[in-house]
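Undergrad: The residues making up each chain are set out below.
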Amino acid sequence: NNRTRRRKQTKNQPYSIDNNKDLLLTFIAFKMSRQTAMPTSILDRPLTRGRTEQVSLSAFGLMYSELVQYHQNRVSSIPELERRLESSGYGVGFKVLELLAFRGREAKRETRIMSILQFISVTAWKSLFGKGADSLERSLDNADEYMIFDNNPITSTFLSSHKSSADAYISGIIAGILEGAGFTARVQAVCPSADEGDARGIIGLPRRKDKAVFVVKFADKVLERDAALG
Amino acid sequence: MAFLDLFIVNKSGGLIHHRSLSEKAPQIGTNEWLRIGSTFHSLHAIAAEASPVRGKIDDGIELIESEGLVLCCFQTRTGIKFVLTAEPGTGYLQKVLKEIYVAYTDCALKDPFYELEMPIRCELFTQAVNDVMSRFGNR
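Protein sequences, first through last, are from chains S and H.
Sequential numbering from 1 applies to the first sequence in our numbering.
Sequential numbering from 1 applies to the second sequence in our numbering.
Think of the hints as simulated: they come from the structure by calculation, not from any bench.
In the DSS-like style, the derived pairs of lysine-lysine whose C-alpha atoms are separated by at most 30 Å in a straight line are:
| no. | chain 1 | residue 1 | chain 2 | residue 2 |
| --- | --- | --- | --- | --- |
| 1 | S | 211 | S | 131 |
| 2 | S | 126 | S | 217 |
| 3 | H | 95 | S | 209 |
| 4 | S | 95 | S | 108 |
| 5 | S | 217 | S | 108 |
| 6 | S | 209 | H | 98 |
Note that this is a predicted model, so its numbers are computed, not measured.
Hey, can you work out the whole structure from these sequences and the hints?
TA: Following this line, the structure appears as structure tokens:
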């Protein structure tokens, strides 16, 4: 008897506005519970970082190794591989510039060469690699060249050969940031041997015997503009 | 109490790395090393088949002890065998092999220019093995 009584109570209600509101509320409640239960897509997360996230170096090493092998299977020479890696990094550079400018909440954008280079070697480097670049220098031989030093870039941490080719990715990132900020430049990665004082070792790996230098060569227009600004 | 030689055999039995770890190691030519590598690979496979107790993936020769030599082998899930020879009485053979395996994953497997199953020509790997040896006090 109890069972038949309950069945009568739960028979279908006719469609009405009240039903619609309940439906909407249950839908909202369901969606919210779904959001807390399932991880959100990376595109839906807020741009401002709540807490700094870390990615393991091994995970990056393996994924970057696959990226390099992917390009290597499609080219026939080392310079072509470097060009491809550089263009891969180029897109990253543009986006990194936008993201860091948004997060930094700076009112003005950089217009001088030294300030944009400082932005790259300090802010961009720290955001991308966890620490600032080791130094930023102006070349003594050529007036249009500047050099960013990094004792152990993560793109070539695990490599034993062709390190400057692998670092072309970071060259591309730098070139992308500069182009996005309005400073056309060509960036080249070179790999001279390290001095004794550059102690940049990673725990578990032998000490690196060379360092990476990213040579930034600005276009003439950029240099003229910078000189005109005084 | 010294390690003598290290050799690494790939999945198909080919030698991908060999080096002597001290001066007491016997002087063996490269061709001889290749023969040793493939012979050990075959013996390892036969031992796995002939074993009365089976079941695990890493069946096969783990340790050979004789009067003049101790040989320890570590086989990975992918079929690569790391083989270490040492004087009798040397300890920590398994541990050293595991450390060398870690060095292999870091220096060879993450290098995009290293082809799998090919001879290891990574300088970083050689240096990493040197570091492992000095940490375990190889004289």
